[in-house]
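Engineer: Read top to bottom, the protein sequences are chains A and B.
By the count of this note's numbering, the first sequence reaches residue 247 at its end, each step adding exactly one.
By the count of this note's numbering, the second sequence reaches residue 1328 at its end, each step adding exactly one.
These aren't lab readings, by the way, just hints derived from the structure by calculation.
Since this is a predicted model, take the numbers as computed values, not measurements.
Heads up, a few of these hints could be off.
What the hints assert, rightly or not - Below, in silico cross-link-like pairs of lysine to any residue (SDA-like), each with a Cα-Cα straight-line distance of 25 Å or less: (1) A/Lys93 with A/Gly197; (2) A/Lys108 with B/Arg1309; (3) A/Lys93 with B/Leu1229; (4) A/Lys93 with B/Leu1022; (5) A/Lys93 with B/Ile1292; (6) A/Lys135 with A/Met111; (7) A/Lys93 with B/His1154; (8) A/Lys135 with B/Phe1255; (9) A/Lys108 with B/Leu1175; (10) A/Lys135 with A/Gly164; (11) A/Lys93 with B/Leu1237; (12) A/Lys93 with B/Phe1255; (13) A/Lys93 with B/Gln1106; (14) A/Lys108 with A/Glu172; (15) A/Lys108 with B/Pro1021.
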Amino acid sequence: MAAVLEAFRVSKRFGGITAVDGVSFEVREGEILGIIGPNGCGKSTLFNCLLGQLQPSAGEVRLDGRVTTGMRPCDLNRLGVSRTFQLLQIFPKLSVRENLILAAQEHKGTMLSRLFGPRDAGLSAAADQMIAFFKLGPLADELAGGLSYGQQKLLDAAMAFMAGPRLVLLDEPAGGVNLTMLASLKDRLKAFHLERGATFVVIEHNMDFVMSLCTRVLVLAEGRVLAEGLPAEVRANPAVIEAYLGH
Amino acid sequence: MMARLNYAGLAIAIAFLILAPLEFHRYGLYILSQWAVMTIAAIGLNLTLGYAGQVSLAQGAFVGVGAYCAAILTTHGWPLVGAAALALALCFVIGWLLGYPALRVQHHYLAFVTLAFSTLAFLVFRNESWLTGGTEGIDGVPRPNLLGLSTTPHLRYYYFCLFVLALVTVAMLGLVRSPWGRAFIALRENPLRALSLGVDTRRYILMAFAIGSALGGLAGVLYAPLVGLVEPPAFTLTLSLNLLMMVIVGGSGYFLGPFLGALVAVLLPEWLRGLENYYLIFYALLVMGLLIYSPTGLIGIADRFLTARRARAASAARAALGASIERP
């Protein structure tokens, strides 16, 4: 399978601390790649380097073979790379539908066409489809800030999917979500993956969530790649067990 | 029902603005014209601050730039419309440039940067006498002839100001209801997420400054012939702070906020004139009281009642939905 995203010896240093240390890996078309590792192993820093939020100190990131290191997050997003954040990031003063329209409105046309074009940028129907897909139907016109935490989490994920991305990076999607909501979130992620054929990268602490969702797993420890393989292989790897459980 | 009430209120307000002045004397017309002019500047600041969330203490300086543009050019024989076009373009460009610091600093720091620009503009107005007339300013700014009619009579000039305010209102309504308005709000609420959703935050920040500043300039263009005299003390930091207060007292980020805020800021000093020196103390207490009761300003009070009504209806729907959605 072709690589959608490749990281080549990506490093990130903050002063004397090396958070990410020469990490290389590839994300293959259509897979759900899980990235796991103990706290502080550099998962989120790596994510931010891949997404243009941080500039890597060294190394290169390629999207479909094209070097994207140094690109701004908004330009990268318009190339079809989407993300969610560890903490909930929605726009509380916009309605659910407006949140979703915003998530895709910058993807077509120009500044001028958006100024003089239709108010919903022609996205109302797509937004309502996404609302239905995430089963948020009756909440479409509610302010996002008025939703429950679980509903906001679903909206947060829906926004990342709204522009029809080919690659979605999810930073701890299961964080702070109760069990029933987690099940419906996982169900929706799987459905989206199946129906739209998008490629996912998931950072997660919740091992059960990773093992049941991901098709391949990458383990980071102290900023380096410790292991890589199928979920079952990784779980059986002695080095991984040691990194997680200590001596 | 509520929407019908809103439209009725709006119709009454517009009818008042058109009909009432027929009975007004010179001073009343002057005050109302000033309201229209300050509202335009406050609408601009409301875009920059209220919608896009970028603090600016320089709006008064842009009113100054517009006023000097109009004064200098019309006393040299330019038509006011030409001066307005130049002032809009000039303030748009300066506002765009002033937006650059906002790409690096936010909140208080941004306030300081814009304050520095405000001071700089004042120094130029006062010291560059060859251009601005220095401390004496420029006197005798003529009122324009429009469609063959002289606007020297106060009533006609008032209608001219009201007409420009109406144009600005319609244009701004179109802007904030377009996808741009949504992007500006996203910028204010969560710039990090906006950026990750493809919103070119840099360009929208610069646009918010440029458009807001251009409207400040347009207000200045109307101000010059209204007062007839353009001099530096009118455009100090005090004016910027006053405009900031109009936006906040009216309701920052609400479309009608600047209209109400400017009304308070222009009328209240007149009504409280009897208090003489105590006026400022009284005014300050009133504003503090308002902002404690309703941090979202005058519109916020109305909004609070409306939201309470809506919330009651919505919570019933939510309760029904919550039961179905939490179930796996």
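Engineer: Take the hints in turn and mark each one as holding or not.
Structural biologist: Going through the hints against the structure:
1. Straight-line distance between C-alpha atoms of A/Lys93 and A/Gly197 comes to about 32 Å, which puts the hinted pair past the 25 Å bound.
2. Distance hint between A/Lys108 and B/Arg1309 is unfulfilled; the C-alpha atoms sit about 38 Å from each other, more than 25 Å.
3. This hinted pair does not check out: A/Lys93 and B/Leu1229 have alpha carbons roughly 43 Å apart, beyond 25 Å.
4. Only pairs whose Cα atoms come within 25 Å are accepted, and A/Lys93 paired with B/Leu1022 is rejected, the gap being roughly 42 Å.
5. With a CA separation close to 21 Å, the supplied pair A/Lys93 and B/Ile1292 stays within the 25 Å bound.
6. Pair hint A/Lys135 plus A/Met111 does not hold up; C-alpha atoms about 32 Å apart against a cutoff of 25 Å.
7. With a CA separation close to 42 Å, the supplied pair A/Lys93 and B/His1154 exceeds the 25 Å bound.
8. Using a Cα cut-off of 25 Å, the hinted pair A/Lys135 and B/Phe1255 is violated, with the two alpha carbons roughly 32 Å apart.
9. A hinted pair counts as satisfied when its Cα atoms are at most 25 Å apart, and A/Lys108 with B/Leu1175 qualifies at roughly 18 Å.
10. Between the alpha carbons of A/Lys135 and A/Gly164 the distance comes to roughly 18 Å, so the proposed pair stays at or under 25 Å and holds.
11. Our distance criterion of 25 Å between C-alpha atoms is broken by A/Lys93 and B/Leu1237, whose separation comes to about 32 Å.
12. Simply put, A/Lys93 and B/Phe1255 have alpha-carbon atoms about 14 Å apart, close enough for the 25 Å limit, and the pair holds.
13. Of the pairs offered as hints, the one joining A/Lys93 and B/Gln1106 holds, with about 20 Å between alpha carbons and a cut-off of 25 Å not exceeded.
14. Among the hinted pairs, A/Lys108 with A/Glu172 is inconsistent with the structure: their alpha-carbon atoms are about 29 Å apart, more than 25 Å.
15. Pair hint A/Lys108 plus B/Pro1021 does not hold up; C-alpha atoms about 48 Å apart against a cutoff of 25 Å.
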